[in-house]
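Note that the protein sequences, when read in sequence, are chains G and Z.
Residues 1 to 918, numbered by this note's numbering, are exactly what the first sequence covers, in order.
Residues 1 to 918, numbered by this note's numbering, are exactly what the second sequence covers, in order.
None of these hints come from the bench; they were simulated from the model.
Quick caveat, the model's predicted, so the values are computed rather than measured.
The reader is advised that the hints may include incorrect statements.
Each pair may be met inside one copy or between any two copies, as identical chains are not told apart.
[Stated by the list, open to error] Calculated lysine-lysine pairs in the PhoX-like style (CA-CA distance at most 25 Å, straight line): (1) K776 <-> K557; (2) K690 <-> K519; (3) K615 <-> K695; (4) K507 <-> K690; (5) K317 <-> K683; (6) K519 <-> K364; (7) K324 <-> K408; (8) K508 <-> K574; (9) K508 <-> K695.
Number of protein chains: 2
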Amino acid sequence: MKPAKTARARSNRNAKPLHVYYFDDKGADGNKDMKDILGGKGANLAEMCALGMPVPPGFTISTEVCTFYSHTGGTFPPTLRGEMIRAVERMEQALGREFGNPDNPLLVSVRSGARVSMPGMMDTVLNLGLNDETVEGLAKRSGNERFAWDSYRRFLQMYSDVVLDIRADPGEQASPFSLEIQRKKKARGVDSVIELEVEDLKDLVARFKKIVKRRTGEDFPESPADQLWGAIGAVFGSWNNDRAIAYREMNRIPGDWGTAVNVMAMVFGNMGQDSGTGVAFTRDPATGERRFYGEFLMNAQGEDVVAGIRTPDQIEKLEKLSPKAYKQLLRIQKKLERHYRDMQDLEFTIENGRLFMLQCRSGKRTGFASVRIAVDMVGERLISQTEALMRVDPEALNQLLQPVFDPKQLSAAKKEGRLLTKGLNAGPGAASGKVCFTAADAVAMKAKGHEVLLVREETSPEDIRGMHASSGILTARGGMTSHAALVARQMGKVCVAGAGECEIDCKKGRMVVNGTVVKAGDELSLNGTTGEVYSGSISTRQSEVLDYLFGKGRKKKASAVVEAYEKLMTWADKHRTLGVRTNADQPDQCLTAIAFGAEGVGLTRTEHMFFEGSKIDAVREMILAADTAGRERALKKLLPLQRKDFEGIFKAMQGRPVTVRTLDPPLHEFLPHEPAQIKALAKELGVTVKVLQTKMNSLQEFNPMLGHRGCRLGISFPEITRTQARALFEAACNVAKRTKVMPRPEIMIPLVSTARELELQADIVHEVAAEVFTRKKISVPYLVGTMIELPRACLTAGEIASTAEFFSFGTNDLTQTTYGISRDDGGHFIPEYIEKDIFQADPFASLDAPGVGRLMEIACADGRRARRGIKLGICGEHGGDPRSIQVCQDLGLDYVSCSPYRVPIARLAAAQAAISKN
Amino acid sequence: MKPAKTARARSNRNAKPLHVYYFDDKGADGNKDMKDILGGKGANLAEMCALGMPVPPGFTISTEVCTFYSHTGGTFPPTLRGEMIRAVERMEQALGREFGNPDNPLLVSVRSGARVSMPGMMDTVLNLGLNDETVEGLAKRSGNERFAWDSYRRFLQMYSDVVLDIRADPGEQASPFSLEIQRKKKARGVDSVIELEVEDLKDLVARFKKIVKRRTGEDFPESPADQLWGAIGAVFGSWNNDRAIAYREMNRIPGDWGTAVNVMAMVFGNMGQDSGTGVAFTRDPATGERRFYGEFLMNAQGEDVVAGIRTPDQIEKLEKLSPKAYKQLLRIQKKLERHYRDMQDLEFTIENGRLFMLQCRSGKRTGFASVRIAVDMVGERLISQTEALMRVDPEALNQLLQPVFDPKQLSAAKKEGRLLTKGLNAGPGAASGKVCFTAADAVAMKAKGHEVLLVREETSPEDIRGMHASSGILTARGGMTSHAALVARQMGKVCVAGAGECEIDCKKGRMVVNGTVVKAGDELSLNGTTGEVYSGSISTRQSEVLDYLFGKGRKKKASAVVEAYEKLMTWADKHRTLGVRTNADQPDQCLTAIAFGAEGVGLTRTEHMFFEGSKIDAVREMILAADTAGRERALKKLLPLQRKDFEGIFKAMQGRPVTVRTLDPPLHEFLPHEPAQIKALAKELGVTVKVLQTKMNSLQEFNPMLGHRGCRLGISFPEITRTQARALFEAACNVAKRTKVMPRPEIMIPLVSTARELELQADIVHEVAAEVFTRKKISVPYLVGTMIELPRACLTAGEIASTAEFFSFGTNDLTQTTYGISRDDGGHFIPEYIEKDIFQADPFASLDAPGVGRLMEIACADGRRARRGIKLGICGEHGGDPRSIQVCQDLGLDYVSCSPYRVPIARLAAAQAAISKN
């Protein structure tokens with residue numbers, strides 16, 4: 001859409017090569033669709049003028065002049081001058097004031113305005129046009145000499161900073177102007193500039209001019225025209241200042257976009273009690289409620305509202321203080337929202353009772369508001385369902401699902417300096433509780449009824465029960481897909497991962513963060529949505545949507561946001577073509593995911609069940625067995641336990657497909673690490689610690705990620721696969737008999753790199769299935785497929801598909817091997833890579849289309865060629881990432897699978913992907 | 001070629017559907033090209049007959065009958081019987097004897113004969129046709145009653161074993177026949193069967209028959225026809241015995257090939273002093289010398305020669321003992337070699353002065369002989385240069401280059417049971433010396449003038465100096481491309497890696513291997529060509545070729561094998577299109593490689609120089625520096641040392657291209673591991689051990705192979721790349737000035753996964769080059785490229801090629817990530833994978849064409865599209881592997897690079913690849 005408009009705008013310009021776009025309340029040269037050349041602010045000012053709204057007259061100098069300015073090292077196109085002179089004349093006519101006229105001076109503001117908002121990044125000059133003569137005119141016209149001289153003082157200061165580049169002298173902390181003001185205040189014995197008299201201000205003006213002379217060798221420019229040229233050049237120049245460049249790099253804004261410059265007549269909200277200024281939203285930006293929402297201050301300038309020195313009033317109060325302006329503002333806001341078909345953020349000024357609109361733009365909003373506004377606007381026939389779906393950032397749904405900090409307590413904590421550090425926002429939501437440094441402590445503390453936060457260097461599967469007992473997890477190492485992050489998201493726990501400034505000593509039960517010592521049992525608060533870590537407690541509350549989905553909230557009438565959420569999700573399901581499954585290892589996770597709308601399980605990691613109760617003992621016995629017979633003895637103990645696990649999952653999923661992965665991690669992950677535990681295990685196994693240690697050492701690997709794991713285990717020890725298959729099919733048969741609902745298991749063999757591996761493992765599965773079905777006198781439909789998680793599996797997918805009935809892309813591991821980056825070690829340099837623009841995004845968070853995606857494309861194409869209609873899915877963490885879901889849609893996958901708490905996000909993202917694709 | 005012949009043979013058979021192919025000295029139904037249906041032995045017997053040579057009459061039953069037999073569960077095609085009857089009649093006519101005739105019996109041998117030789121794997125029956133009547137005829141005709149009855153006894157025993165399947169009774173160690181013989185010997189008070197009288201043998205025959213009756217319930221078959229059918233069925237059946245299946249799996253022989261059966265008239269070399277038997281080669285199989293070479297025994301059977309009970313005579317002696325037969329044999333061997341155009345291995349028997357040829361086949365030979373024969377035969381105009389090149393297995397060249405054990409001492413060591421264990425044959429050659437368990441000990445021991453073997457669990461870069469001091473390296477862990485194996489091959493050291501039965505305790509300075517204790521200082525011997533480890537010393541000698549290449553041998557006239565080697569290599573260079581470079585880190589390695597014919601350096605691992613002298617201190621200081629300034633201070637110390645390293649290499653390479661890789665391994669690899677060393681380092685750096693340990697811990701990684709290494713280091717610490725580039729360009733300028741030969745550096749950035757990484761690093765290199773060239777007032781031509789060693793680099797090669805002037809495939813790492821297998825950990829399961837036919841070969845030894853090769857293909861195609869004529873090479877270990885070199889040829893690479901000692905192998909393999917491609 002955008003490029004077409006740009007082209008149209010350009011072709012207009014070819015017909016009449018404008019550099020300057022004039023606007024006033026009679027109309028405008030530009031319009032809202034010309035953001036590319038007018039910037040966002042300029043385009044919307046033009047649009048408001050076209051709608052006949054009271055905008056102070058002015059003009060926008062196009063972004064193309066900025067590009068010209070940059071490329072020519074600071075010169076302007078030759079025709080610019082003439083265009084500008086005409087534009088200023090029109091402003092003068094519109095207002096009946098004159099630029100440089102000592103009696104009735106026209107003053108202007110000069111502001112930057114890029115295609116996208118870059119708040120605070122570039123320079124602004126206000127009150128331009130003031131000089132020793134016009135200041136008197138302003139004083140007369142406003143009847144407020146102090147106001148006029150203070151405006152002049154401010155202008156001198158601002159201009160000298162922005163245009164003349166006069167900063168602090170060497171060795172000084174503050175600019176020479178600030179120092180002058182300090183001196184003056186001291187001399188007068190006052191605390192603030194407001195308390196200075198007119199004469200003081202006049203004296204300051206004189207002193208400021210001397211500073212300019214001293215520092216630049218020239219007089220301060222008295223000519224308003226010179227001032228204007230200087231300010232325009234400075235704004236264009238500021239496009240390439242360090243701050244702006246850094247901001248653009250961070251936000252991926254191309255440097256060649258340039259900024260526009262908006263020159264607008266000054267209006268003053270500080271001209272007296274019938275003047276004022278404010279900001280407003282056409283709906284409540286926090287809740288999305290349909291009500292005019294805003295704040296204002298009488299007798300004040302815009303910066304006073306922002307600065308927060310005086311507490312502004314709620315917009316409703318304006319009705320009394322300036323009834324005419326308020327009425328007009330109400331009409332305008334309604335009209336603007338209807339016109340833009342979106343919630344608007346407005347800036348206005350009232351000068352002597354007269355309303356001026358200074359800005360309008362699409363308003364920022366919370367996740368709650370985002371959902372509610374989109375859904376409400378469909379009801380109001382402002383937008384269509386697809387537009388509503390495209391309006392909501394899927395990630396914003398997190399806010400509706402996660403507990404949040406009490407806003408007041410949070411801002412208090414910030415003020416008190418309790419923010420300790422920031423890590424990766426690995427599991428969204430807010431949690432507060434007592435710190436525990438071991439899983440066992442966490443379980444014990446939780447049993448005593450406390451909320452618990454588990455703090456570890458990095459978690460391991462041994463910590464699972466401790467993580468389960470905790471409300472939040474904090475780690476010092478590991479990235480967005482580290483063990484802690486993965487498990488936390490799956491469990492729906494708050495998680496801050498890789499907070500490298502935390503020096504954790506689990507043995508001593510203490511952690512030091514930037515000098516603050518946190519001991520076991522101390523209160524701590526984690527914001528997993530931002531990655532922030534606070535000392536002390538901050539109270540949290542559970543999300544309404546969750547209350548409702550989990551049935552607790554269903555008794556009472558659903559709130560507006562819950563209703564909106566439900567509607568949006570229904571629409572999403574109608575539009576999406578991708579299925580959405582969940583990664584879940586426990587029946588309760590399955591139930592959560594179903595509540596969130598999951599249509600099946602895309603990944604059950606059988607080994608995640610291994611750490612519960614007596615299972616781990618049998619698992620360890622199996623691992624440390626000396627021979628096949630010993631392994632089979634241990635597996636016999638494990639069989640009924642695994643069967644029970646599977647029964648629970650099949651029952652919970654009520655006939656939905658369930659993908660079960662056979663044993664995947666390297667065996668040493670299941671072994672204890674602490675000497676005491678090792679001793680206990682040795683005793684249990686009836687061997688010496690030395691014998692056990694030797695066996696354990698032999699299992700150690702240099703690079704476990706590339707070691708003896710995945711189907712390699714099933715190949716070396718076929719009895720493991722056999723036992724898992726038996727547990728699975730027996731469970732499926734039992735549930736089928738008991739519940740009369742047929743489970744649909746899909747057995748997934750991990751880490752396949754050759755077709756032959758899958759063949760050998762699939763043979764075992766089919767053999768066991770036949771045996772169990774005969775014995776149980778019932779058959780259950782099932783599939784055997786593979787996790788595609790190695791480059792070689794993608795490259796030989798054609799061969800693999802001759803055995804595999806489905807592929808599920810394990811994009812975590814696939815990303816690791818495609819990039820040669822371990823997700824656990826990548827934390828050392830991935831942030832730096834993103835900063836240096838080497839990575840557009842963390843490839844473990846957002847699927848890498850040119851690399852990993854190209855491999856997936858090869859696999860999909862070859863796989864489909866070898867087996868028509870082969871089922872294709874993704875079960876890596878990317879399955880819950882909106883950008884990655886678009887890639888999956890483009891690849892034509894059948895479904896994505898993600899952790900339970902990301903299911904709603906995936907549903908919406910899938911709908912957006914389907915809509916974008918059309 | 002083969003399939004076409006098979007087709008022709010089949011179409012012949014369609015015309016006349018033969019199961020039985022007759023042959024005698026008048027002619028044959030088959031010929032040498034029909035190995036698929038006649039097996040190797042049958043085809044060559046037919047060929048000899050067609051050449052009119054004296055072969056005992058007989059016939060071959062085709063492999064297709066074997067397949068029929070297997071598929072039908074042990075039945076024969078209906079037309080077989082008639083064909084066989086006719087064939088036996090023809091044999092009877094040819095010899096004037098009759099099958100089953102008591103006066104003049106025809107006896108036959110029944111032997112298997114598959115397409116390829118499977119020595120000892122299947123069963124054979126001799127003397128078939130004997131029974132209570134024919135034995136008398138044999139006695140009369142031979143005039144040797146004892147001979148006849150002993151033959152009968154042997155036949156009964158053999159047939160009962162092979163056909164009737166009569167083995168040891170339960171609870172007995174030996175077969176009932178052997179037990180009978182033992183009893184008889186005891187009764188007679190003799191030591192050997194030879195001492196038994198005719199009557200004893202007759203008694204044994206009677207007892208044997210009783211055993212058969214007892215065990216089978218039936219009489220021993222007296223009818224020669226029944227005997228023959230039984231034997232044929234048994235031979236076909238033996239195709240599927242466990243031994244044969246195991247052998248086929250090991251040697252990748254398809255099970256559906258089947259075996260042929262050869263039925264041939266028996267001739268007897270043990271009929272008296274004018275009879276004899278022997279084996280011979282048309283040239284010396286050890287040296288390749290052109291002389292008739294063989295051994296024989298008069299009055300003996302074939303098995304007597306093989307069994308080694310009597311010492312056979314050299315073939316020349318036959319001239320005196322059987323002048324007519326000898327003359328005929330000389331003619332025949334000459335004719336056969338000329339006919340087959342290759343050295344032949346012959347078996348013959350002389351019966352009463354009459355010569356019979358029993359077998360001929362292409363003769364096995366040593367590497368020395370292989371080279372010499374191929375080259376000589378070109379001189380003799382028997383074969384062409386390309387044929388000669390294709391005849392020599394490139395791996396066989398190893399024998400010409402490596403030291404070898406003294407054959408006598410070796411066989412003595414074997415007899416004495418000194419073979420301790422077998423590991424991977426990771427570095428070819430033989431070495432003997434005193435065992436050292438630490439690098440420091442090895443250096444010290446070597447300094448005392450001893451030959452040293454370094455024994456380690458696994459080596460690390462810290463061991464480099466110790467490896468250098470050693471003649472051989474033995475490790476308990478790690479595979480064919482483990483650190484030990486890689487470095488050993490590069491240094492040309494003998495290496496046995498991954499000898500898992502060695503329990504090594506370096507601290508205690510002892511190792512236990514299958515119960516034998518080896519202590520520091522004990523003598524040990526390693527055969528890196530076979531992987532064998534022997535206790536005690538076995539003396540070795542240096543190869544002649546090496547003496548010659550290194551100039552020591554040039555004073556005297558080159559020996560025949562050296563001359564042949566030189567010629568073969570010249571031809572190889574003429575035919576190959578691939579360049580051959582070497583992987584070398586030191587000037588002496590460069591010189592070795594040049595002697596071996598290297599045309600450049602394909603990989604210099606700068607970090608391999610880091611462990612020498614004071615360099616490691618500077619490196620460690622750099623790694624542990626707290627900030628950029630600290631790192632730069634340390635790098636300043638490193639700069640002159642690196643420059644000197646590079647100068648040495650550029651000087652040695654005399655203008656040949658030299659690819660230098662910037663720092664690659666994870667930094668923690670350079671840090672000490674032992675507490676004492678850590679303490680010393682802390683002292684040197686002026687920090688506490690605790691501080692040092694904390695810093696070291698922060699560098700630890702879960703999967704270092706996927707961690708902070710390669711160009712990721714250069715991105716994080718640009719000053720490292722800058723210093724290395726500076727050292728390199730300064731060295732190049734210095735050498736250019738001093739030697740007037742222009743070095744040709746090619747700077748290679750490792751582990752690139754995105755184009756941007758390479759851009760950032762290449763910018764630094766170009767910047768430094770410009771700066772150095774200006775300062776030194778001389779320019780050196782250079783290239784900047786990248787190692788393609790990650791799947792993502794292959795997948796985005798098009799983008800990368802916009803910066804890269806060359807690609808060098810790092811197939812070690814590329815294989816690791818494509819398969820998701822660490823080469824260090826793969827040892828746990830790769831051998832099992834090969835055994836289970838999941839891998840055709842170790843992918844780290846032989847390039848995986850469908851997976852890794854497909855990625856390389858993508859990279860080559862996209863790379864060439866983006867940059868015409870981009871230089872493409874390979875520097876992984878595969879660069880020295882003949883099968884992989886074929887893949888490189890097919891991909892159209894410009895060069896391969898390998899360790900110095902594999903350069904000749906690569907040159908020959910490249911020639912073969914080019915010839916095969918045409």
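Checklist entry - What label fits K519 with K364 when the C-alpha limit is 25 Å: within, between, both, or neither? => result Answer is neither: 39 Å inside a copy and 76 Å across each miss the 25 Å cutoff.
Item to check | Homomeric proximity label, K507 with K690: Cα distance no greater than 25 Å | outcome: both (24 Å within a copy, 17 Å between copies)
Item to check | Copy assignment of K508 with K695, given that the CA separation must stay at most 25 Å | outcome: For K508 and K695, the Cα distance is within 25 Å only across copies (20 Å; inside one copy 30 Å).
Checklist entry - Taking 25 Å as the upper bound on the Cα-Cα distance, should K690 and K519 be classified as within, between, both, or neither? => result between (35 Å within a copy, 22 Å between copies)
Checklist entry - Between K615 and K695, at a C-alpha cutoff of 25 Å, which is it: within one copy, between copies, both, or neither? => result Within one copy only: 20 Å inside, 38 Å across.
Checklist entry - Between copies, within a copy, both or neither: which fits K508 and K574 at Cα up to 25 Å? => result neither (55 Å within a copy, 71 Å between copies)
Next on the checklist: I want to check one pair: K324 and K408. Are their C-alpha atoms no more than 25 Å apart within a copy, between two copies, both, or neither?
Outcome noted: neither (35 Å within a copy, 117 Å between copies)
Next on the checklist: For K317 and K683, with the copy left unspecified, which applies at a CA distance of at most 25 Å: within, between, both, or neither?
Outcome noted: neither (77 Å within a copy, 73 Å between copies)
Item to check | Within, between, both or neither: K776, K557 at alpha-carbon 25 Å | outcome: neither (47 Å within a copy, 83 Å between copies)
Hints 1, 5, 6, 7 and 8 from the list above are not met by this structure, while the remaining hints are.
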